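K.L.:
Next come the chains, spelled out residue by residue.
There are 2 protein chains.
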Amino acid sequence: MEQSFFLKLDANGLVPAVVQDCETQAVLMVAWMNQEAYELTRRTGQVHFWSRSRQEIWRKGATSGNTLTLTAMWIDCDSDTLLVQVKPAGPACHTGNISCFYKQIK
Amino acid sequence: MEQSFFLKLDANGLVPAVVQDCETQAVLMVAWMNQEAYELTRRTGQVHFWSRSRQEIWRKGATSGNTLTLTAMWIDCDSDTLLVQVKPAGPACHTGNISCFYKQIK
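Residue numbers (the numbering used here), protein chains in the order written: chain A, 13 to 118; chain B, 13 to 118.
For the record, the hints were derived by calculation from the structure and aren't laboratory data.
Everything numeric in this text was worked out from a predicted model, so none of it was measured.
Treat the hints with caution; some may be incorrect.
If several chains are the same, the list does not tell them apart, and a pair holds so long as it fits within one copy or across any two.
Said to hold, decoys possible - Here are the simulated DSS-like pairs of lysine-lysine, each with C-alpha atoms no more than 25 Å apart in a straight line:
1. K118 x K20
2. K20 x K115
3. K118 x K99
Construct the entire structure; sequences and hints are all you get.
P.N.:
The following block contains the structure:
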């Protein structure tokens, strides 16, 4: 891993990562990356996260096949949040919805 | 405040809120809401957050004039993240950039 890391990690060593479809611009999901997930994403071009519930690295789509291929990555002004633009291979949500944000608050 | 709250708040009583321009679809910023910020946003139609650094409710644009008018709100499959679609009155970022995500990682 890199010696000094440019992202400002939270107390758990994580940053939120907003995933956006590079073509439709839809916000697909929000998950968390640690330094390892970030570096794996950069190195492989396939989006990886840190699963807070399972406490392990998770390559999105490893089980479902619904991978996310990285197209561009941005950090915010505070360097504590990532915007990850992707080309999705299928629905991003485990429910089968294209986006995890399928429930509108009325 | 509502008696039982449908959002799953984290250990600090917060959820991340991704703010997206309703017209350009650009992701403008990510900030945090507690129950009060959520309810103020719903009631007033002006986006409010919880400032973790100042530990207070913060109406976006109260000082700068760069307010965010709510157009739609969505929750994700886990009910622990908000997608807030808005019409921005000006640049969302305190740096004067339209979006806080103006630094691309090369």
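K.L.:
All hints, please: hold or fail.
P.N.:
Status of each hint after checking the structure:
1. For a Cα distance limit of 25 Å, the shortest separation of K118 from K20 across copies, 18 Å, qualifies, whereas the shortest one inside one copy, 35 Å, does not.
2. For the identical chains of this complex, K20 and K115 are inter-copy neighbours only, at 14 Å across copies versus 31 Å inside a copy, given an alpha-carbon limit of 25 Å.
3. For the homomeric pair K118 and K99, the shortest alpha-carbon distance between copies (18 Å) is at most 25 Å, but the shortest distance inside one copy (30 Å) is not.
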